[in-house]
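K.L.:
The primary structure of each chain is shown beneath.
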Amino acid sequence: MSTGSTNSSGTLAQGAPRRAAFVASARRRPIAAVRLVVLAGLAVLALTTPGFLSEPSILALLTTVSFIGCVAVGMTLITVSGNIMSFSLGALVGATAMIFIVSVNFGGVVFGFVAALAFGALANAAQGAVIGLVRANPIIVSIAATALITGVAEAFAEHGTIYVAAGTTYGVFRGKIGGLPVEFLVLLCAAAAGQFILTCTNFGRNVYMLGASFAAAEVVGIKTWRTVTGAYLWAGFFAAFAGILLAIRYDAASMSYGSGYEYDAVAAVLVGGTAIKGGEGSVLRTLVGAIVIAVVQSVLLLQGFRPEWQYLIAGIIVLAMVALQSPGMRE
Amino acid sequence: MTRIGNALRNDPHLRPLAILLGCIVLLAIADWGRGEVLRVATVVTTLETFGTIGLVALGLGLTMMIREFDISVVGMFSMAGCIAVLTGAHNPWLGLACAMAAGLVGGLVQGVIIVRLRLGSIGVTLGGLLVFAGVAYVVSENRTLPYDNLQVALAMGNRIAGIFSIRSVVALAIFVAAALVIGVTRIGRDMIATGNDRRAAMTAGVNVNALIVGIFGFSGMMAALSGAMLSFSLASASPSGLSDVIVPAAAAAILGGVSLAGGTGRPLGIALGVLTLGVIHAGLNAIGVPPYVDEVTMGAILLVVAIADGPYLMRRVRGIARARRQST
Chain A
131 MSTGSTNSSG TLAQGAPRRA AFVASARRRP IAAVRLVVLA GLAVLALTTP GFLSEPSILA
191 LLTTVSFIGC VAVGMTLITV SGNIMSFSLG ALVGATAMIF IVSVNFGGVV FGFVAALAFG
251 ALANAAQGAV IGLVRANPII VSIAATALIT GVAEAFAEHG TIYVAAGTTY GVFRGKIGGL
311 PVEFLVLLCA AAAGQFILTC TNFGRNVYML GASFAAAEVV GIKTWRTVTG AYLWAGFFAA
371 FAGILLAIRY DAASMSYGSG YEYDAVAAVL VGGTAIKGGE GSVLRTLVGA IVIAVVQSVL
431 LLQGFRPEWQ YLIAGIIVLA MVALQSPGMR E
Chain B
309 MTRIGNALRN DPHLRPLAIL LGCIVLLAIA DWGRGEVLRV ATVVTTLETF GTIGLVALGL
369 GLTMMIREFD ISVVGMFSMA GCIAVLTGAH NPWLGLACAM AAGLVGGLVQ GVIIVRLRLG
429 SIGVTLGGLL VFAGVAYVVS ENRTLPYDNL QVALAMGNRI AGIFSIRSVV ALAIFVAAAL
489 VIGVTRIGRD MIATGNDRRA AMTAGVNVNA LIVGIFGFSG MMAALSGAML SFSLASASPS
549 GLSDVIVPAA AAAILGGVSL AGGTGRPLGI ALGVLTLGVI HAGLNAIGVP PYVDEVTMGA
609 ILLVVAIADG PYLMRRVRGI ARARRQST
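Respectively, the protein sequence lines represent chains A and B. In terms of our numbering, the first sequence has 140 at position 10, counting the first letter as 1, and numbering is strictly consecutive. In terms of our numbering, the second sequence has 569 at position 261, counting the first letter as 1, and numbering is strictly consecutive.
These are calculated hints, taken from the structure and not from any lab test. Just so it is clear, CB atoms sit at the ideal spot from N, CA and C, and this is done for glycine as well. Wrong hints could be hidden among the right ones.
As the list claims (entries may be wrong) - Quick list of the computed label-pair ranges, beta carbon to beta carbon:
id, chain 1, residue 1, chain 2, residue 2, range
1, B, 612, A, 437, 36 to 44 Å
2, A, 248, B, 608, 21 to 29 Å
3, B, 462, A, 437, 31 to 39 Å
4, A, 241, B, 466, 55 to 63 Å
5, A, 168, B, 428, 54 to 62 Å
6, A, 184, B, 428, 37 to 45 Å
7, B, 466, A, 437, 33 to 41 Å
Given only the sequences and the hints, what does the whole structure look like? Please build it.
P.N.:
Encoded structure:
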């Protein structure tokens, strides 16, 4: 839907000079041109696919985007801070969902929210602290954290699903507001908050600087470990929303809920055009990336491809996006 | 005392060996004389683990030696399993060949992309991982593929000399070959030079690009070989279960003395690292702890070695010591 608007009549009607400038800048930067062509092609494909604009299709698309999007917003902070990606966010989503259900059963919905968000933020901040303090390899730490989170969750739930107590109501968090699923509104809020943190705060500027050059950030006196810990803290906080939303949607939680989300999230980050080496990118780009992937998957399904193909296509898109970030391509 | 300390620090094999022996002693103590740990079954389980993750750890470890990181081994592992089961229904050798060819080509392509486009290996292999996993999902149509050639599965389960199986013998043979190639030939020295200082290695005449492409090809092929052999011995293959192999493989490589900073580590060290994890896994099983303890232990070990490998560790320790001195 959102990609559909990029080439709708609205943009074409806006005077020629602006368009010329856009085309010229696209010529200067081949990546931007490629991106524009791909987006336009995708929009045409989506709009000509029968059934794409039907309400159930759009609603399903927005809901899927919301879960992965929240994780992707968090992943953006990690990627921009120069730590590539975290493999543990998927496991964190599952664990957060479980914590949420347990705490809702124990102390009510508000307590559940506080406990789940605190858990997500702190569990991830702990990883950030390890990475920031001794500069341990972020990939290895996140792989280790995945095993730890999964193992501990297994110890408590024994591979099972836990259910919410009967009669629990979540008020506004179910259903639609103004025709949009609540999940999508939560994602928009999370994206807005993430973008605000990155662009409007000192902390956000430090994150960009750290990602661009660790040595430079250290020389100018940034407490690098605090910035890294903060980036992971916020990443866990945003990812926790995905866990909570999933738990509310299904009235239950298990570790399988978040499985694979880390890959989907980093795919959204990369497709949005955030540099994998850090220091560059934005949450809004990630939002676009998540929507693009979801549109591609929806179109594939509607065109009659088996669902497995979406994994392969997503992988090829990510590989292509990484290849486009080559220093040679930019020249 | 300092001589032992220096030896532990400098010899590439002594530290992994010490860790391995320490783990065996600890497990024997935890067993507390019940005789569950120190028996042949433990050795057999350890070697089976060696057959599963050994070659993945070797491939991953060699990419780490030249200061790269091949995450795609995870996807390659499951893709190769699916390919081997699908193409090897009548002739297991054909299945094995197809899987290994896919692994080699996949690894080489990633290596060429890394070298030609001057990209970081983690980004490229992340894309590779997703592509390989996608291929696994597509060819298997997202279900568990049964392997009907049960004779092969039985043969894979046969004991050789009481404790080995085909998988562990193959893994051991490849480790020995890799150790010889790296210890004796120029390739080994070129790898160490590349891992230590890429520019210096290039200046000294090392064909760094060819080396990187070759190692990624090797890594892909090894992941494919172990994935295919595991699928044969389980008589099934499935596209999911992505993260099961990367945790022990990465932990084994780092335990084996490979540093993420590059230039350190040897195949025999990696072998000792794999054996350490195998012993822990088998020992915990023998003691009879629930399976999640195994997973938590693997995670904790990987976390500890990641911290120990952190370049700022000594700086932080010194900082704490200084703060303590000043306060007293």
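K.L.:
Now, for every hint given, state plainly whether the structure supports it.
P.N.:
Against the structure, the hints come out as follows:
1. 612/B with 437/A: 36 to 44 Å: This hint holds: roughly 40 Å between Cβ atoms.
2. 248/A with 608/B: 21 to 29 Å: Since residue 248/A and residue 608/B have Cβ atoms about 23 Å apart, the given range 21 to 29 Å holds.
3. 462/B with 437/A: 31 to 39 Å: holds (35 Å)
4. 241/A with 466/B: 55 to 63 Å: holds (57 Å)
5. 168/A with 428/B: 54 to 62 Å: violated (23 Å)
6. 184/A with 428/B: 37 to 45 Å: holds (42 Å)
7. 466/B with 437/A: 33 to 41 Å: Taking Cβ atoms as reference, residue 466/B and residue 437/A lie about 39 Å apart, which means the hint holds.
When the structure is compared with the earlier hints, a violation turns up for hint 5 alone.
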